[in-house]
Structures are given as structure tokens and as C-alpha cells.
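*Asks:* Sequence:
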Amino acid sequence: MPHIPIEIVISILEIASYQDADVQDNHLLSNCALVCRDWSFISQRLLFRDVSLHTESAFESFQTAVNRSTPKGCMLGDAVERLHCAVDDRQPCGLSQEAFSQAVVMCPKLAKLSLALYGDRTQCQVDAPAVVERSVLPTSSLDESTLSMLRYAPRVTSLQFDNSTDNSEILPQLLEIWPNLTALTISGIAPTLSSPSPAPFPCALEKLRVNCQASPSTGFLTWLLHNSTNTLRVLEFERDLSVEVLERLVANHGASLESITLPSCASPERAALLAQCTQLRDMRIASAGTLPTVYRALPRTLEHLVIAVGKDVVLQPIVQAVKRSEALTKVTVHVCAGGEKHPQLAAMKIACAAKGIELNVTKDTRMLRSATHGSLVPAVFLPCAKPLKI
1 MPHIPIEIVI SILEIASYQD ADVQDNHLLS NCALVCRDWS FISQRLLFRD
51 VSLHTESAFE SFQTAVNRST PKGCMLGDAV ERLHCAVDDR QPCGLSQEAF
101 SQAVVMCPKL AKLSLALYGD RTQCQVDAPA VVERSVLPTS SLDESTLSML
151 RYAPRVTSLQ FDNSTDNSEI LPQLLEIWPN LTALTISGIA PTLSSPSPAP
201 FPCALEKLRV NCQASPSTGF LTWLLHNSTN TLRVLEFERD LSVEVLERLV
251 ANHGASLESI TLPSCASPER AALLAQCTQL RDMRIASAGT LPTVYRALPR
301 TLEHLVIAVG KDVVLQPIVQ AVKRSEALTK VTVHVCAGGE KHPQLAAMKI
351 ACAAKGIELN VTKDTRMLRS ATHGSLVPAV FLPCAKPLKI
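Under this note's numbering, the first residue of the sequence shown is numbered 1, with each subsequent residue one higher.
For the record, the hints were derived by calculation from the structure and aren't laboratory data.
Restricting the straight-line Cα-Cα distance to at most 20 Å, the calculated cross-link-like pairs of lysine to aspartate or glutamate (EDC-like) are:
# : residue 1 : residue 2
1 : Lys-349   : Asp-364
2 : Lys-112   : Asp-162
3 : Lys-330   : Glu-340
4 : Lys-363   : Asp-312
5 : Lys-112   : Glu-176
6 : Lys-330   : Glu-358
Cβ-Cβ distance ranges computed for the label pairs, FRET-style:
#  : residue 1 : residue 2 : range
7  : Ala-327   : Ser-96    : 44 to 54 Å
8  : Lys-311   : Asn-67    : 55 to 65 Å
9  : Asn-31    : Asn-67    : 19 to 29 Å
10 : Cys-74    : Cys-36    : 17 to 27 Å
11 : Asn-211   : Gly-94    : 16 to 26 Å
12 : Gly-73    : Lys-355   : 50 to 60 Å
13 : Glu-14    : Arg-37    : 15 to 25 Å
14 : Asn-31    : Lys-355   : 37 to 47 Å
15 : Ser-61    : Glu-326   : 47 to 57 Å
16 : Lys-355   : Asn-67    : 51 to 61 Å
17 : Ser-61    : Asn-230   : 36 to 46 Å
18 : Arg-239   : Glu-7     : 43 to 53 Å
19 : Pro-5     : Ala-275   : 48 to 58 Å
We treat Cβ as the ideally placed atom computed from N, Cα and C, and that holds for glycine.
Start from the sequences, fold in the hints, and give me the full structure.
*Replies:* Here it is in C-alpha cells:
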């Protein structure tokens, strides 16, 4: 057989393994690794780009694979760009804090880190019934040895932290370690500060996504975004936040925001605040109960609009907004509660076609959630591939 240049093989495998925009086909890559030595080398590097560790046995296998005393171990360790870890003290063979910190240090090219933290096993066995619901459970802070080890970790630029413990002060501990963060995702319990007046968070964030059980306080967000006044471009809230918090965010960052995601915008106060974000290129509102005034005041810079449509939604203001738009290139409509039979959807399709605007109508919530992660958002923020589970 004629020899295919390695560069072409790499391009083919990368394209083939991402037929779905946000899911890497690990089965395909595993099969490609069996074809020949050259393909094996390339496929393994691609497989190790995104790794998931949830147990001690998984960590031990990963540790053996990326052993830097061998050329192959160095190659695989350097290939890891995204690492997903779950530290759960309630699991008898769960990933420990020590193993988590060691895994992070073993990946010198790591760019994106995802950490899910659950409760303390000892306290759960004493205080909780035999079957413990996975919710908020007690735990201590990250121990000092873990934090010391993480200080030797690579300078990740994107951190995703899911806190399912009752300790709301863990996130500031982690944030002290990585001064180069540009993207941060927070979920679980709302974080708080350990002291009343700490030094401002030094990072200049470009993207912040919040999906906490309760909205973080104004004080915490002010501390977190102190140095992000001119850099914050993407802001996503999956749950409702108070008008006071939204008002502070718009006042400090509305001029630089290019993409915003809100669960709803059904009050005049929220609509007025949203209208102050005059440089938006990307806007998503998940609820179908959005006030029409929001669409009458869309910024001229808007390129992508994502909305939800139910059977009782008044679509005329949206149709008019499409007709007078200057920069709009794409509209994504999530139909729900009978919205697929809305009589004005035909008018929306005609208006988009007349302006040359791409219109996507879908019932798929997953597509709605990922709709804003397009070309307007930096590549580092794109949805992660399905991680390699070891």
C-alpha cells in the first residue's frame, strides 16, 4: 500500500473522530490504534487529549500510562489537554485528593481542568443512613498537601468546579493556585469568601458560567470579577439570579459583554438591564416567557439569537426584530409546550429567509444549551469531547 503522510493521517483521524460536534468517537480511535504503528501513535495521542478519572484504580492505570521515565509515557502525558476528576470521599475506592493532585501534575500541557467534589466518607458513615442521596454532604477544605502539590501543577486557563459539599469556601482556595485563568465554571453550592475583605481575585476572566443552587452574592462576584472589567466577554447563568446581582454585573461589565445567557427575562427591570448590554453578538434566553420589550431593544451588533417558543408566546416582536436587524446571521428557536404549532413560525421563517438569516428550529434541549458555543466564543470554551475513561 502507498504510504500516507503522517500529517494527512492526523487530519483525517481528527475530523473523523469529531463527526458529532461535542462528542469524540473513542471507539473509532481505539480501532484506528490497531491498524498500524503510525496510526496507533496518532490515535493514542488523540484519545489522551481528554481524560476522566473517578477511581483510584483509574488513577493507577493513568499513572502507569503517563510514566515520564519512558518516551511513550512522556508522549501520552503531554497529550492531555483536558482532565475531568471526581473526588468522592464516600466511595471506598474513590479518587483521593492526593491522587487528584498527582494526576494534575502529571499533565504538563493541561489547559482545562474539571473537578467535582463530594462529601466526607467518615462523617457520612456515622451521620447518614446506609443509602445516602448524592446531594450536599459535609467535608473539610482541601488539605494542605493537596494544595501544595497543585502549586506545582501546570497553569490551566479554564477551570470547571462542581461543589457538592457543605463547604462554600473551597473555590477561593483553588483560585489562589491558578493566576492565569480566563474561563471559570461554577456549579453546586454557591461559593463564599473566607474573610470579609480579601484581596481581589487577580485573574482577568473572559468567560464565567454559573449554575449554582443559589445565586452567588454580589460581594463574591465583585471580588471574583474585580480585574475583569474590560475582559469579560461571555456570561452564562443557568439559574435565576437576583435583580441586584444582575444590575451590578451589567454596571461593571455590560460594555464589554459579547455573549450572555439567562434562564429568563420576564420582568421590566431585567429587560431594562439587558438593553444596556449594547455590544452583544450572542444572546440566549432559555424561558419562553420573555418580555417583548427585550426584542424591541436588541443591540445592532447582535449576530446570534437563541430563544424558546411556546404556544402562547407572541412572536411578532421577534419577527420585527429580525426584519430590522443589521448584523443578525443566525436564529435558534427551541420549541416547547406546543410551540412547534405556533401560527407565527411561518412568518419567522419567511423573515429569516428574506434577510438571509440561518434559522434552526429544534426540540432538543441539548442543542439549545450548546447553541451559543459557536464561532463567536473562543475555541477554549467549546463543549468538551467525551472524555477517555480509564
